[in-house]
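A.B. asks: Listed below, chain by chain, are the residues.
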Amino acid sequence: MNDTKQHLEHLAEMRALMERSSRFLSLSGLSGVWAGLCALAGAAAVYSFLGITPFSGRDGYYFQKAIHTTQWGMDYKSAFVLIALLVLATALVGGIFCTTRKARRQGHRIWDATSRRLLWALAIPLATGGCFCLALLYWDLPGLVPPATLVFYGLALINGSKFTLRDVEFLGLSEIALGLSGMFYLGTGLELWAFGFGVLHILYGAWMYWKYEGQ
Amino acid sequence: MKDFITQLNPAFDHRNRLGIMSILVVNDWVEYNTLKELLNLTDGNLASHLKALESSEYIRVHKQFVGRKPQTTYGVTDKGKEAFKAHLDTLEAILTIAREGEDS
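As they're listed, the protein sequences go chains A and B. Residues in the first sequence are numbered from 1 upward in steps of one, following the numbering used here. Residues in the second sequence are numbered from 1 upward in steps of one, following the numbering used here.
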């Protein structure tokens, strides 16, 4: 029976090698939590820019309001793009920090074939979505921007899930579902955005941290 | 049980060779240094296993220059993929028989 035990050990080792060589497994759950917090702060900034409170825009297309709002010396387009870039930048910096820390602790490299593949898989749908949203702003359709970001982000996650922890795929599906509902219920677009990018990230991140990193 | 053991491919008769094949079947091309890191092997050790697999035509080698640095990448051949799959099937059969032996 010693042979059997040895074969089983080999199989387990082979499985681990297949996983480790084709997927980037150092993605930290904490980076999700951090991204969620950044997103909530971003949503708060948009609410205060528009001078509204959450769930006050149920009577339809409250982003009509955006077109006529000027605050802090900015029109809505510059404000939205600025807030979006700030959220993206802070989320990325924190995410890279947490993920580097996890990779170092696991003794893996942060920049290798698997992380390059993951970034490339994420980048294409994200860049497409970014351009799509700029076009929406260009044509004065700000109400469609929050749901569109959810949809494209969800697609990016599903694309990227093949190269990292599988759990990311389900987060992607949830983001797409939220985005598509937001497309039809424009009055709740911003609330759905805050839920998808904020609350879901925090919940998923905490769960993944607990599952893979917590002892 | 003896029959199955004789069917196991001798080219894979080492855990490091199985490791190399495992990595190569799920990736298109893998750099020498990546293999070395993933398997945690010394140069001499890794090179001898790679050579053995190469001479069985289970893997192919691709050498190129990236800037001024030579870079060697490895990929699995169709023959290697088939042999690896056959090896896994045999392992599966051995384990199934072993389990049935335990149960009865």
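Worth double-checking, as some hints may not be accurate.
When the alpha-carbon atoms are kept at most 27 Å apart in a straight line, the in silico BS3-like pairs for lysine-lysine are as follows [claimed, not checked]:
#1 B/51 <-> B/79
#2 B/51 <-> A/162
#3 B/79 <-> B/36
#4 A/5 <-> B/63
#5 B/69 <-> A/162
#6 B/36 <-> B/51
#7 B/81 <-> B/51
#8 B/81 <-> A/162
#9 B/79 <-> B/63
#10 B/69 <-> A/5
#11 A/5 <-> B/85
#12 B/81 <-> B/36
#13 B/36 <-> B/69
Looking from chain A toward chain B, a few residues come up when the C-beta cut is under 7 Å (computed) [unchecked claim]:
#14 69
#15 70
#16 71
Okay, the calculated beta carbon distance ranges per label pair [to be verified]:
#17 A/213 <-> B/97: 21 to 29 Å
#18 B/61 <-> A/100: 31 to 39 Å
#19 B/85 <-> A/106: 45 to 53 Å
#20 A/105 <-> B/45: 47 to 55 Å
#21 A/128 <-> B/68: 35 to 43 Å
#22 B/78 <-> A/141: 46 to 54 Å
#23 B/78 <-> A/138: 47 to 55 Å
#24 B/77 <-> A/106: 44 to 52 Å
#25 B/102 <-> A/199: 47 to 55 Å
Derived by calculation from the structure, the hints in this document are not laboratory data. In this text, a Cβ means the ideal position worked out from N, Cα and C, and glycines have one as well.
A.B. asks: If you draw a straight line from the CA of residue 5 of chain A to the CA of residue 85 of chain B, is it 27 Å or shorter?
C.D. replies: 20 Å, holds
A.B. asks: Please work out if residue 69 of chain B and residue 5 of chain A have their alpha carbons no farther apart than 27 Å.
C.D. replies: The given pair, whose Cα atoms are some 43 Å apart, is violated under the 27 Å limit.
A.B. asks: Would you check the hint for residue 81 of chain B and residue 36 of chain B, treating anything up to 27 Å between C-alpha atoms as holding?
C.D. replies: 21 Å, holds
A.B. asks: Could you grab the alpha-carbon distance between residue 81 of chain B and residue 162 of chain A and see if it respects the 27 Å cut-off?
C.D. replies: Distance of about 21 Å is within 27 Å: holds.
A.B. asks: Hint says 35 to 43 Å; check whether the CB-CB distance for residue 128 of chain A and residue 68 of chain B agrees.
C.D. replies: With a Cβ separation near 36 Å, residue 128 of chain A and residue 68 of chain B satisfy 35 to 43 Å, so the hint holds.
A.B. asks: Hint residue 71 of chain A vs chain B: min CB-CB distance below 7 Å?
C.D. replies: 51 Å, violated
A.B. asks: Mind checking the hinted window 45 to 53 Å against the Cβ distance between residue 85 of chain B and residue 106 of chain A?
C.D. replies: 30 Å, violated
A.B. asks: Are residue 61 of chain B and residue 100 of chain A spaced within 31 to 39 Å by their CB atoms?
C.D. replies: 33 Å, holds
A.B. asks: Check whether the Cα positions of residue 79 of chain B and residue 36 of chain B lie no farther apart than 27 Å.
C.D. replies: 23 Å, holds
A.B. asks: For the pair supplied as a hint, residue 36 of chain B and residue 51 of chain B, is the alpha-carbon distance within the 27 Å limit?
C.D. replies: Holds, because 14 Å separates the two Cα atoms, which is no more than 27 Å.
A.B. asks: Hey, residue 81 of chain B versus residue 51 of chain B, does the alpha-carbon distance stay inside 27 Å?
C.D. replies: Answer holds: residue 81 of chain B to residue 51 of chain B is near 17 Å, not above 27 Å.
A.B. asks: Given the hint of 44 to 52 Å, check if residue 77 of chain B and residue 106 of chain A actually sit that far apart at their C-beta atoms.
C.D. replies: Hint violated: Cβ distance 32 Å, outside 44 to 52 Å.
Of the numbered hints listed earlier, those contradicted by the structure are 2, 4, 5, 10, 14, 15, 16, 17, 19, 20, 24.
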